[in-house]
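**Q** Given the structure of chain Y, go ahead and fit chain Z onto it with the hints provided.
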Amino acid sequence: MTIPMAILFFSFHTVPFLQGVFYSFTNWKGYGRWKFVGFSNYIHIFKDSDVGNAYLFTFFFATLATILVNVLSLLIALCLNANIKFKNGLKAIFFLPYMLGNVIIGFIFNFIFANLLPPIGKSLGIPALSVNILGTDNAWIGVLFVTVWQSLAFNTLIYLSGLQTVNQDLYEAADLDGASSWKRFSSITFPLIAPFFTINMVLCIKSFLMVFDQIMVMTNGGPGSATTSISVLIFKRGFQGAQFAYQSADAVLLFVIVAVLSFLQLFVLQKREDKVL
Amino acid sequence: MTDSSYLLINTKAKEKVSWPITIFLIVIAIIFIFFPLYLTVVIALKDPSDMVNVCALPKKIKFQNFVDAWNITEYPRKFANTFLITVLALILTIITNSMVGFAIGRNQKKSRLFNFLYYYFISALFIPFNVIMLPLVKEASAVHIDNILGITFLYIVFGLPMNTLLYTGYIKSIPKELDEAATIDGANTWQLFFKVIFPTMGPINATVVILTVMWTWNDFLMPLVLLSKPEQQTLQLSQYVFQGQFSTNYNLAFASYLMVLLPVLIVYVFCQKWITAGITNGAIKQ
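Top line first, the protein sequences correspond to chains Y and Z.
The numbers in my numbering rise by one with no breaks, and the one at position 91 of the first sequence is 91.
Just so we're on the same page, my numbering is the position in the second sequence counted from 1, plus 277.
FYI, nobody ran anything at the bench for these hints, they're computed from the structure.
Everything numeric in this text was worked out from a predicted model, so none of it was measured.
Here a beta-carbon is modelled for each residue, glycine too, at the ideal position from N, C-alpha and C.
Here are a few chain Z residues that face chain Y, going by a calculated C-beta distance under 8 angstroms: (1) T299; (2) F309; (3) V377; (4) L431; (5) M491; (6) Q516; (7) Y517; (8) Y534; (9) L538.
The following residues of chain Y were derived to be distant from chain Z, with all beta-carbon distances above 12 angstroms: (10) F36; (11) I126; (12) V131; (13) N138; (14) L144; (15) S187.
One chain only, chain Y, in its complex shape (with noise of 0.2 angstroms):
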């Protein structure tokens, strides 16, 4: 069974992402004729000011989005892991934006950015408010929180079992110290919870570096192209604009970035993990 079934991993991703290498050095357009054409689509890409801001807007995006959900998430799973009532029940709520189609969340919030919340903005007299976000400048700010919003439910979860792997005789004893609540977290909690943080780091890192649903389906990219992440900007290229080749090589960049990123970052929070423990 498993040579069968890796002759088909090999045969429907492995060929498809050779085919893409191999692509990226011609200049295929998704059909027609095609010639090699050596490294010049990646010496085009650096000099694309579109592809230039498809990244920088991906580069900023995944960042304000990691950040935002391990912070968040590691508190919420904290505020779950204290003595609270209805335990169970809360944490089946926070968990449940997971079971939530992307595609669905995004409609939703469409509406109560264009709908809900500018009415709110005027009588608060928030100009920023006023109008529909994803309207204007500020539209991945829309996209940032419906994104964070999804995410946090998953990450929140493998804190919070995280946390219930932690030893209780430990607290006891930082208390009889005299150890602040802080002093407690930074001491305690979070080195004996930096495998979870690893996975986290990973996989928000992978994910939002990947963000097209909730692009999609908000902004499609606008206004203008001030949303367009790379995978948004590969998908309308790469099918709807004749640039196969090009845009290959956009994706083999990107998986460079992505790979590169995530050895390292596997690298530096194992290493960091062992120091601690």
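**A** Quick look at chain Z alone, frame taken from chain Y:
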């Protein structure tokens, strides 16, 4: 302070419920999670003339929205498509990927081939779908798998990297003596796997079930690039495609959204404990 008095204080502290944190969490949940869902339900039940005060309860409940949305989006067909993809992908993923995990987990140390395959699959985790998307669509249309069964097949194959990681990790925690005992009793490899090993894989199967179902049911990008014919669309994709027609009638649109969300919400209400436990298990095993 003696030991016993310390224990006493400590058990008291454990029993004390932290109301500020409880209230904080409830408020956050109401504003950010309940409110959007409440809004969806309310708007789905309203008449367009009743939209002046959006958040208020409907003056008259209008179920016609659901009937219209049902017909316009061809809900039964899209539901059947999505359901077929999810169930087929799930069953075949569980059977094939667990076998791969078993074979790799048991042979990784002995065989260089299996060790290579392990790292081959795991390293594919770093290749995002967007990277292979353009050539894959060409290949898929060339071999005619740009349809429901084809996409199901691709889900099964593309799940391998993640599931190999999960299954192999779990298999290593099952004692090898179990295999040896079964082999001595005369079981061949298939019997060993299906009668002895597979029944012990419950917890990790739960994780794979949840991840696979949530992925295939809610996926947007793969149907978007692979399923071009209207009669093949999934629920998520059909919402995206019909968005243009909804633009003037929010009530119709929200009725349609709600119908897409409902199956997941119902399953979640009944299986919530099992789902969160499944995800948690997977995370700890990694």
